[in-house]
Amino acid sequence: MLISRLLRTGVAASAALVVIGMLLVFGHHPTYRSSHTELAPLLSATAIYPHSVRAVLAAARAGRGQGIAMIGLLLLIATPVARVAVSIGIFIRARDWRFVIITATVLLLLIASFALGAAGR
Amino acid sequence: MTPLGFVLIILTIAFFAGFLGSLLGLGGGIIVVPALTLFLGVDIRLAIGASIISVIATSSGAAAAYVRERLANLRVAMFLELGTVLGAISGAYLAGLLHARWLFILFGALLGYSAIAMIRKPHAAAGGVPPSALADRLQLHDSYFDEAQALQREYRVARPGLGLALMYLAGTASGLLGIGSGALKVPAMDLAMKLPMKVSTATSNFMIGVTAAASAGLYFTRGQINPFLAAPVAAGVLGGATLGARFLGRVQPRRLRMLFVVVLLVVSVQMLVKGLR
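Residue numbers (our numbering), protein chains in the order written: chain D, 1 to 121; chain W, 122 to 398.
Everything labelled a hint here was simulated from the structure, so no lab data went into it.
Treat the hints with caution; some may be incorrect.
[To be verified] Quick partial rundown of chain D residues pointing at chain W, CB under 10 Å, derived from the structure:
1. G10
2. A15
3. M22
4. F91
We put the beta carbon where it would ideally sit given N, CA and C, even for glycine.
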């Protein structure tokens with residue numbers, strides 16, 4: 001079934017990206033393996049991480065491990081969203097208009113959640 | 122601690138959380154968030170952001186299997202997602218306004234509830250299924266294959282409106298605390314909507330991914346998804362849950378459950394204390 005395959009592929013691909021990204025981070029920053037003072041700034045609430053899709057893509061294109069790991073995490077977030085989008089198509093084919101409306105509303109809410117976070121910052 | 126050491130410790134904790142969670146039918150989040158905040162002193166907002174990502178990973182993995190086995194009711198799931206997604210957005214928004222101490226208090230209360238829910242016996246929903254015009258119109262009724270008795274069982278769905286309202290609350294808890302909140306979704310479907318227990322569990326798991334994606338979007342654009350936490354948490358929980366699913370038929374989870382109820386209660390008190398101090 002299409003939905004089942006979509007979910008499994010999405011999870012597997014994002015897990016691979018996350019692992020590769022983290023390996024790159026520690027490959028690029030040898031001091032992360034020995035220094036005891038570099039952890040706190042990475043975890044502080046004020047540390048800046050890419051928080052827009054554009055920033056994540058730019059970081060990944062620059063070959064930064066964090067960027068690649070973040071693409072993996074974004075792909076994971078996008079997997080259920082894609083599942084909802086595919087479901088709309090399935091309901092359209094079945095001419096089940098009530099459920100086309102219900103599912104499209106869920107998709108719109110999901111898209112709105114990204115916009116809301118960006119606006120509230 | 123070096124960053125590498127930290128990431129490896131988180132990976133290990135998350136792996137155990139995912140493993141235990143899948144054996145006990147809990148999400149990993151309920152274990153990961155207290156472990157990160159109480160043991161490692163991580164900011165609770167970052168812990169919640171990392172946890173919500175791992176919730177998507179485990180739910181999507183499990184949902185794929187349930188869809189294949191046709192156990193999850195996809196129409197009920199789609200309908201109820203209206204409630205969970207709206208709730209998740211409200212919860213994630215609220216999390217940005219509340220003081221961190223409230224997150225500890227609410228999380229502690231939810232842990233206590235989950236511990237008590239684990240001791241209660243899974244009771245068959247008693248009484249008949251009241252008719253619902255809305256459920257008829259949306260064609261929510263369905264059937265599933267009962268493996269124990271090797272036959273296809275038909276079931277009818279009751280009170281979709283009440284179910285939707287309860288799902289809004291479950292979604293709010295999920296978005297606020299970074300958990301899947303299956304402990305709230307399953308009773309809503311099982312007791313209020315009269316779905317068979319197996320179908321409720323499968324459908325809940327199927328919905329959790331979409332619910333969590335709604336709040337994860339907000340957490341991401343707010344900058345609360347820290348890759349040094351979220352990456353090892355997601356990878357660890359996913360790995361642990363995958364391994365746990367293989368052991369599922371082989372261990373007798375009763376004693377493990379009782380032990381875990383005690384652990385949950387202790388952790389619940391610790392979270393409450395941390396919030397109230």
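To see whether the hints hold, each was checked on the structure:
no., hint, in the structure
1, G10, "6 Å, holds"
2, A15, "6 Å, holds"
3, M22, "5 Å, holds"
4, F91, "8 Å, holds"
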